[in-house]
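Listed below are the residues making up each chain.
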Amino acid sequence: MQTINLHEAYDADFVAKVQEESEQNLALCYQCGNCTAGCPYTFVYDIPVSQMMRLVQAGRKRQALSARSLWLCATCESCTTRCPNNIDVARVMDVMRHMARREGYATEKGVKTFWDCFLDSMRKHGRVFEMGLVAAFVTRTGRFWTDVDLAPRMLPKGKLPFTPHDIQGKDEVRKIFERYQARSRS
Amino acid sequence: MSQALSYAYYPGCSGMGTSKEYDQSTRAVCKALGITLIDIEDWSCCGSTPAHTVDHVLSAALSARNLAKIESMGQKTAVTPCPSCLTNLRTASHRMAKEAFKEKVNALLDAPYDNTVDTKSVLQVLVEDLGAEELAKRVVKPLSGLKVAPYYGCIMNRPPEVMEFDDPENPMALDDILAALGAEVLPFPLKVECCGASYGVARKDIVAKLSGKLLGAAAGLGADVIVAACPLCQMNLDLRQEQINQANGTHYHMPVLYYTQLMGLALGLPERQLGLDKLCVDPRAILRAALNKPAKAAND
Ligand code: SF4
Ligand code: SF4
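Taken in order, these protein sequences are the chains called A and B.
Heads up: the first sequence begins at 2 in our numbering, then just goes up one per residue.
Heads up: the second sequence begins at 546 in our numbering, then just goes up one per residue.
Please note: incorrect hints may appear among the correct ones.
Pair ranges (Cβ atoms, derived) [claimed, not checked]:
1. R141(A) with Q791(B): 44 to 50 angstroms
2. G767(B) with H166(A): 37 to 43 angstroms
3. A834(B) with Q182(A): 54 to 60 angstroms
4. Q791(B) with S185(A): 39 to 45 angstroms
5. A152(A) with L766(B): 30 to 36 angstroms
6. E104(A) with P815(B): 51 to 57 angstroms
7. R184(A) with G767(B): 50 to 56 angstroms
8. E679(B) with L29(A): 42 to 48 angstroms
9. H166(A) with G813(B): 29 to 35 angstroms
10. S67(A) with D659(B): 39 to 45 angstroms
11. D659(B) with R184(A): 37 to 43 angstroms
12. L578(B) with D167(A): 47 to 53 angstroms
Interface residues of chain B toward chain A, partial, derived using beta-carbon atoms under 10 angstroms [claimed, not checked]:
13. T581
14. D600
15. M618
16. A642
17. V746
18. K823
Since the hints were derived computationally from the structure, they do not count as laboratory data.
Beta carbons: idealized from backbone N, C-alpha and C, even for Gly.
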């Protein structure tokens, strides 16, 4: 766990941006800790989810966006379900993850690479091609031993097709990504 | 149930690969129960978790392409077996209720989506539209003697404002279905805890810890099998069970079946339609041993 540096400047823009993009009123959080108590990922987080909420309230942008927690949140919705103030906490985590991605903070490289490979696969084929996804992940991370032990269990069961099943409308899917990228650049 | 039950069917990408047996058994039991599933032509991936970690409009657009297809088929309700797909489709609809968000989403699409389709899980239509009582009437081979731990996974019912189904902390739909099939349903305390989600590839330690806890709790209750309703949960608990055992120094041998596979057995469908052979921890010996025990009720 990290200590919170209270001398770092308050970034009002950051607070407003998280608030706007998540459509949540962050001032409602009174630090009861319910979200953290139910979060199954606290054991791998560097900053527990209630403290992430506190960091946003305090406008500590750099600290919040560089947290590994952002890349380890599984969006299990337990925090959102249990917050007594009806804050969609998981959405706040998601929105900070978007910002961290845009601003080049990726403190869990493996997780981000896995997600990127997933989206590349779907952009290419319209659906996810699982075998290709794992191959791409191995190539990009150099982690050759990733799940090789699982192959003998899966292959005989016909669960891992070797060839992608491209859909007819794959261009429509590709265009969704392209329009999204064009919009984010403008 | 008097009116015909008919829905557009969204299988999800894993249904074409790693959870083939879920798709297969879902289709088989729906057919046996007179529930019509209409395939959505040329459906695409909903974007799953990776898309919503990038951007909410992008994620909604990837779902909305499919919802728009369902809309143009003239269908009002779609069903999916996969809770992850369900969350994405429902979240997209939920957020598109706001006009400004809807416009941003539609700007990314070839064909706009008017937000008229409701999406439910197959589990939800089984309990709400068909009904557990109706299901019980169709059972020809009750699962009496089989001790099951019902595992819903984290997102089938949460957050409640979006999912609008069952109780977010202690859902009972799966319990009710399994009870209707005649199984002995154990009170599984971790029924909505996370299994480690898609971190199996990049961070195995997370899955070993979280899924390990689930296996331990089910074994501790004396369960014969865990019953899953989510492809990712099933994969973590079944396919990765050996990895989990190795990481934690445990020796679980716990079959993890989809609830639709057990439904199929109780409805008397042939095993080959249910894909039991596709599970990594083979459930067949355990099922035979449990189901061939003389049923208690028959003796007294
Ligand atoms: S549960 Fe809600 S109010 Fe309590 S600490 Fe978490 S975000 Fe704040
Ligand atoms: S959604 Fe993320 S932060 Fe919230 S409880 Fe789940 S893992 Fe923790």
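A quick look at each hint next to the structure:
{"no.": "1", "hint": "R141(A) with Q791(B): 44 to 50 angstroms", "result": "violated (26 angstroms)"}
{"no.": "2", "hint": "G767(B) with H166(A): 37 to 43 angstroms", "result": "holds (42 angstroms)"}
{"no.": "3", "hint": "A834(B) with Q182(A): 54 to 60 angstroms", "result": "holds (56 angstroms)"}
{"no.": "4", "hint": "Q791(B) with S185(A): 39 to 45 angstroms", "result": "holds (42 angstroms)"}
{"no.": "5", "hint": "A152(A) with L766(B): 30 to 36 angstroms", "result": "holds (32 angstroms)"}
{"no.": "6", "hint": "E104(A) with P815(B): 51 to 57 angstroms", "result": "holds (56 angstroms)"}
{"no.": "7", "hint": "R184(A) with G767(B): 50 to 56 angstroms", "result": "holds (55 angstroms)"}
{"no.": "8", "hint": "E679(B) with L29(A): 42 to 48 angstroms", "result": "holds (44 angstroms)"}
{"no.": "9", "hint": "H166(A) with G813(B): 29 to 35 angstroms", "result": "holds (32 angstroms)"}
{"no.": "10", "hint": "S67(A) with D659(B): 39 to 45 angstroms", "result": "holds (41 angstroms)"}
{"no.": "11", "hint": "D659(B) with R184(A): 37 to 43 angstroms", "result": "violated (21 angstroms)"}
{"no.": "12", "hint": "L578(B) with D167(A): 47 to 53 angstroms", "result": "violated (33 angstroms)"}
{"no.": "13", "hint": "T581", "result": "violated (23 angstroms)"}
{"no.": "14", "hint": "D600", "result": "holds (6 angstroms)"}
{"no.": "15", "hint": "M618", "result": "violated (14 angstroms)"}
{"no.": "16", "hint": "A642", "result": "violated (12 angstroms)"}
{"no.": "17", "hint": "V746", "result": "holds (5 angstroms)"}
{"no.": "18", "hint": "K823", "result": "holds (5 angstroms)"}
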